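Enquirer: Here are the chains, one letter per residue:
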Amino acid sequence: MNRKRIVALLAPPAAAAIAFGLFHASPKVALLWLLGLALGFGLHRSRFCVAAAFRDAILFGDTGLTRAVLLALALSSASFAIIQQKALVSGAPLPGNLYPISAATVAGALLFGAGLVPAGGCACSTLLRLGEGHALYLWVLAGIVAGSLAGAYHFPWWESLAGRMAPVHLPAVIGWPATLAGEMVLFGGLAFLAVWWERRGANEL
Amino acid sequence: MTTHTLDLLGEVCPVPLLRTKAAVTALPAGQALAVETDFARAVRNITQWCSRQELPYELTEIRDGVWQIVIQK
Chain A
1 MNRKRIVALL
11 APPAAAAIAF
21 GLFHASPKVA
31 LLWLLGLALG
41 FGLHRSRFCV
51 AAAFRDAILF
61 GDTGLTRAVL
71 LALALSSASF
81 AIIQQKALVS
91 GAPLPGNLYP
101 ISAATVAGAL
111 LFGAGLVPAG
121 GCACSTLLRL
131 GEGHALYLWV
141 LAGIVAGSLA
151 GAYHFPWWES
161 LAGRMAPVHL
171 PAVIGWPATL
181 AGEMVLFGGL
191 AFLAVWWERR
201 GANEL
Chain B
1 MTTHTLDLLG
11 EVCPVPLLRT
21 KAAVTALPAG
31 QALAVETDFA
41 RAVRNITQWC
51 SRQELPYELT
61 EIRDGVWQIV
71 IQK
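Sequences listed follow chains A and B, in order. Going by our numbering, the first sequence opens with residue 1, and the numbers climb by one from there. Going by our numbering, the second sequence opens with residue 1, and the numbers climb by one from there.
Simulated from the structure, these hints should not be mistaken for laboratory data. Take these hints with a grain of salt, some might be off.
[Said to hold, decoys possible] What follows is a set of in silico ranges between Cβ atoms, one per label pair, in the way DEER data are often shown:
{"id": "1", "chain 1": "B", "residue 1": "H4", "chain 2": "A", "residue 2": "I101", "range": "47 to 55 Å"}
{"id": "2", "chain 1": "B", "residue 1": "L9", "chain 2": "A", "residue 2": "H169", "range": "47 to 55 Å"}
{"id": "3", "chain 1": "A", "residue 1": "W139", "chain 2": "B", "residue 2": "S51", "range": "29 to 37 Å"}
{"id": "4", "chain 1": "A", "residue 1": "L32", "chain 2": "B", "residue 2": "R63", "range": "44 to 52 Å"}
{"id": "5", "chain 1": "A", "residue 1": "A107", "chain 2": "B", "residue 2": "T60", "range": "40 to 48 Å"}
{"id": "6", "chain 1": "A", "residue 1": "G201", "chain 2": "B", "residue 2": "L9", "range": "29 to 37 Å"}
{"id": "7", "chain 1": "B", "residue 1": "M1", "chain 2": "A", "residue 2": "G108", "range": "48 to 56 Å"}
{"id": "8", "chain 1": "B", "residue 1": "L9", "chain 2": "A", "residue 2": "W33", "range": "32 to 40 Å"}
{"id": "9", "chain 1": "A", "residue 1": "W158", "chain 2": "B", "residue 2": "P56", "range": "48 to 56 Å"}
{"id": "10", "chain 1": "B", "residue 1": "H4", "chain 2": "A", "residue 2": "G182", "range": "46 to 54 Å"}
Remember, it's a predicted structure, so these values are computed and weren't measured experimentally. C-beta: ideal position from N, C-alpha, C; glycine also.
Bound-form chain A, shown alone (with noise of 0.2 Å):
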């Protein structure tokens, strides 16, 4: 038997064994745990990679990718809807960061881009790419730390250049149906544009 037959024998039961101990002391804890695997799972069996989802789109004219994390994009927005709806009619702030857009935005974004070209995915691919055993990746994990800790430190600043512009907060302007129903038909629409610019055939020989 080959060494990752073995571990693949082994590690369902340490996982659960780990879960067990776990739950004595926290259950949410346990059940965090557990999520943790299966999000690792489902992101390593697919191959999910978010730059990915840009770039084989531009560059080969392939969207499966695109297309996943737009759906990822709708499950998130309307599964947040109902947090926030919760937390409103409860009477607690509402969850989440809002930020209003600014020139801090299109930095960050830039600084992002100019990172994950050349370390080939972003922070997931980078934690599935370890897991897999990429050694390559422990140096971009460190330059993620890096640029964490570099970032926190000079938040203040970015925070600053955002500017006073309050930020909006959607459904308070236009209602939860308008904007559960505007985001479905910008991710639909985008979608849609996705499979009319692969079916186009800017993957040709």
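Since the structure of chain A is already known, use the hints to place chain B on it.
Expert: The following block gives chain B in isolation, referenced to the frame of chain A:
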């Protein structure tokens, strides 16, 4: 039949598919190209591209985490 090799070990996306496309384009008909990569996403990228181009290919994991895709043209 001649088989050419393309060593892409250590290359990250999108380099593997870009170089595979260029190598397949330069390949004379009736010959084969053996691509080796250690980047899992590139394996899916390259095999999907082959399917769309209707190029027959054979995929094997030759070592742990190293894949070989032999593409026929």
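Enquirer: With reference to the structure, classify each hint as holding or not holding.
Expert: Do the hints match the structure? See the list:
no. : hint                         : in the structure
1   : B/H4 <-> A/I101: 47 to 55 Å  : holds, 50 Å
2   : B/L9 <-> A/H169: 47 to 55 Å  : holds, 49 Å
3   : A/W139 <-> B/S51: 29 to 37 Å : holds, 33 Å
4   : A/L32 <-> B/R63: 44 to 52 Å  : violated, 35 Å
5   : A/A107 <-> B/T60: 40 to 48 Å : holds, 45 Å
6   : A/G201 <-> B/L9: 29 to 37 Å  : holds, 31 Å
7   : B/M1 <-> A/G108: 48 to 56 Å  : holds, 52 Å
8   : B/L9 <-> A/W33: 32 to 40 Å   : holds, 34 Å
9   : A/W158 <-> B/P56: 48 to 56 Å : holds, 52 Å
10  : B/H4 <-> A/G182: 46 to 54 Å  : holds, 52 Å
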